[in-house]
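From first to last, the protein sequence lines are chains A and B. Residue numbering for the first sequence follows our numbering, beginning at 1 and increasing consecutively. Residue numbering for the second sequence follows our numbering, beginning at 1 and increasing consecutively.
Treat the hints with care, since some could be wrong.
Cut-off 20 angstroms, straight-line C-alpha distance, at most; resulting in silico cross-link-like pairs (DMTMM-like, lysine to aspartate or glutamate) [to be verified]:
1) Lys149(A) - Glu54(B)
2) Lys31(B) - Glu65(A)
3) Lys166(A) - Asp11(B)
4) Lys166(A) - Glu54(B)
5) Lys10(B) - Glu150(A)
6) Lys166(A) - Asp28(B)
7) Lys10(B) - Glu51(A)
8) Lys166(A) - Glu18(B)
9) Lys40(B) - Glu150(A)
10) Lys149(A) - Glu51(A)
11) Lys40(B) - Asp67(B)
12) Lys10(B) - Glu22(B)
13) Lys126(A) - Glu65(A)
Hints are computed from structural coordinates only; laboratory data are not their basis. Here the structure is a predicted model, which means the values were calculated and not measured.
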Amino acid sequence: MNMTPSSSSLPAVADSSVAPPALSDEPIDMVGLLSLAHHPGAGAVVLFSGEVRDSNRGQAVAFLEYEAHTAMAASMIAEILATARERWSLHTAIAQHRVGRVDTGDTAVVVITASAHRSEAYAANKYIIDRIKHEAPIWKCEHYADGTKEWGNNCNCHTVTGDIHKHIYE
Amino acid sequence: MKIHVYAALKDYFQPEFEVRGELVRNTDELKTLLLTLNDKAAEILSACRFAVEEGFIDNAFKLNEYDTVVIIPPSSGG
């Protein structure tokens, strides 16, 4: 079993011949990832960037620290992307999530989808980020400006569905 | 049996530790054993997923004493 913790060295961007890594411990190269998304059959490219807010529930946030089960998260994100590609006939589906420290204003996760028309690219993009947030074994720890910290904003769908494997997507 | 925990579970347990695997045949029994180590973890353990060899398991999965069990708190990525 690969129990590699989030401290492993993970490249931010791969070349265009291979899928970009799903996890990166370096700042996400959003422009580089976007450059991989263009496709002659795609009339629409949608990019979602999840960024670190400077406050959470009224408290000033200094930075976030993301942890992941690297192997399982990468495998799950690959499955999510493959499902989206199939369901919406996407030309491109890319997702990359940060691990390690991410400062306020920086990018924590990027999802890029490209399809013939915009409705599919939007729908697929939302599907991908929703599933990553609810299902992938990635966790954020909020480090507040006052020096306290808190593992937070966990998926709590199980309190409604009664099943830790069943989620409610917005 | 080796146990690996992540994120908020590290507030209750060491990141990696071992339990007597012969006492644990499934995830319910593992949860019971873990609560003897720290009963304050009851709420979060009830929301956790369990995995062996990078695949999620449920209570029907028969654990053996040489397994490494990963305990996965609710996700909070994004």
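These are the hints, each one checked on the structure:
1. Lys149(A) - Glu54(B): 29 angstroms, violated
2. Lys31(B) - Glu65(A): Roughly 27 angstroms separates the two Cα atoms, so the pair is violated.
3. Lys166(A) - Asp11(B): Violated. Lys166(A) to Asp11(B) sits at ~25 angstroms, over the 20 angstroms cutoff.
4. Lys166(A) - Glu54(B): Holds, at about 19 angstroms.
5. Lys10(B) - Glu150(A): Given that 20 angstroms is the threshold and the Cα spacing comes to 12 angstroms, the pair holds.
6. Lys166(A) - Asp28(B): 19 angstroms, holds
7. Lys10(B) - Glu51(A): 25 angstroms, violated
8. Lys166(A) - Glu18(B): The given pair, whose Cα atoms are some 30 angstroms apart, is violated under the 20 angstroms limit.
9. Lys40(B) - Glu150(A): Measuring from Cα to Cα gives roughly 16 angstroms; hence the hint holds.
10. Lys149(A) - Glu51(A): Judged against 20 angstroms, a Cα distance of about 18 angstroms means the pair holds.
11. Lys40(B) - Asp67(B): 25 angstroms, violated
12. Lys10(B) - Glu22(B): Cα-Cα ~24 angstroms, so violated.
13. Lys126(A) - Glu65(A): 24 angstroms, violated
When held up to the earlier numbered hints, the structure conflicts with 1, 2, 3, 7, 8, 11, 12 and 13 and fits the remainder.
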